[in-house]
Amino acid sequence: MQPSLFYLLSLLYAFTTVLAKPLAPTAVATVPHTNAQRLAHGLPPLAPRRLFNPTRVSRRAALPSSAPTLTASFGVYKRSDNSQQGYISVGGGVSDTQVASTTFNFKNPSSADELLEFHGSTGLNSLLASYDNNLYLGPGNYNTVFMSTATLSTPAGSRQVADVTKGPVQYSESTVFRIDPATGIVTAQWVNPDGKVVPVYFAMWTRTQNGRTTKSLFFTGDIAAYKAHSPNITPLEEVTLAVVL
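In mature numbering (1 follows the signal peptide of the UniProt record, and there is no 0), the protein residues as written are -20 to -1, 1 to 225.
None of these hints come from the bench; they were simulated from the model.
Be aware that one or more of the hints could be misleading.
What the hints assert, rightly or not - Each pair of labels, with its calculated beta carbon distance range: (1) Pro119 <-> Asp93: 35 to 41 Å; (2) Thr163 <-> Thr194: 14 to 20 Å; (3) His209 <-> Ser46: 43 to 49 Å; (4) Asp112 <-> Asp76: 28 to 34 Å.
Unchecked claim - The list that follows gives simulated cross-link-like pairs (lysine-lysine, PhoX-like), each with its CA atoms no further than 25 Å apart: (5) Lys207 <-> Lys87; (6) Lys58 <-> Lys176; (7) Lys207 <-> Lys195; (8) Lys195 <-> Lys176.
Glycine included, each C-beta is placed from N, C-alpha and C at the ideal position.
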């Protein structure tokens, strides 16, 4: 009996010793956090946090009703298929991404009829301008205006005002924009020299040169008339602007 008891005690001691021995540390697999780390491990790069997709369909939404002022970008959407093409910049260009130059500040409109003035992140106003101080827009007229930035501010309903800080002098109107609070859609108007108010339509010209594609916006009172007058500006498509918060 004693040898058996000694044998059992020996087994118990060996088992206890094994349990008491600390476990060897286990390597913890870490996920590479940067693209450089991922590539070094043979992994694909991370997807961009904000990937612009020109075929994404726009989503229109009501503006928040409680904020007195808003900061937002304005998405550019084709009228033909409602696909987003980028974001308008304060100077009238089109950017693929939301950056400082596509950021606008403006009063939260109380109604779709309220005329607004847009301000860029630098404090300058975004306004519609021309080098002609008697510019007419409207049906059957191919004239255009362009978007510019300046300290000039004109009241709602005002005709063109000379901006002598520009060289050459620009003749501009600033409080000419509207935003529908229910949809976020942006529209604009122009006051002709005779005081008649006409709607302004937005058109986008897409062109590729040396492998680089650029998009430009045109502001006119009649897109068809402008197309007929400038057939080489093609493709030229009507677009809609809408708030992107």
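Pair hint outcome, Lys195 versus Lys176 [Cα-Cα no greater than 25 Å]: Roughly 31 Å separates the two Cα atoms, so the pair is violated.
Pair hint outcome, Lys207 versus Lys87 [Cα-Cα no greater than 25 Å]: Cα-Cα ~34 Å, so violated.
Assessment of proposed distance window 35 to 41 Å (beta carbons of Pro119, Asp93): violated, 22 Å
Given hint Lys176 paired with Lys58 - CA-CA distance at most 25 Å: violated, 28 Å
Thr163 paired with Thr194, Cβ distance criterion 14 to 20 Å: This hint is violated: roughly 28 Å between Cβ atoms.
His209 paired with Ser46, Cβ distance criterion 43 to 49 Å: holds, 46 Å
Beta-carbon spacing of Asp112 to Asp76 - inside the hinted bounds 28 to 34 Å or not: holds, 32 Å
Hint consistency between Lys207 and Lys195 [alpha-carbon to alpha-carbon, up to 25 Å]: holds, 16 Å
Hint compliance for this structure: hints 1, 2, 5, 6, 8 are not met, and every other hint is.
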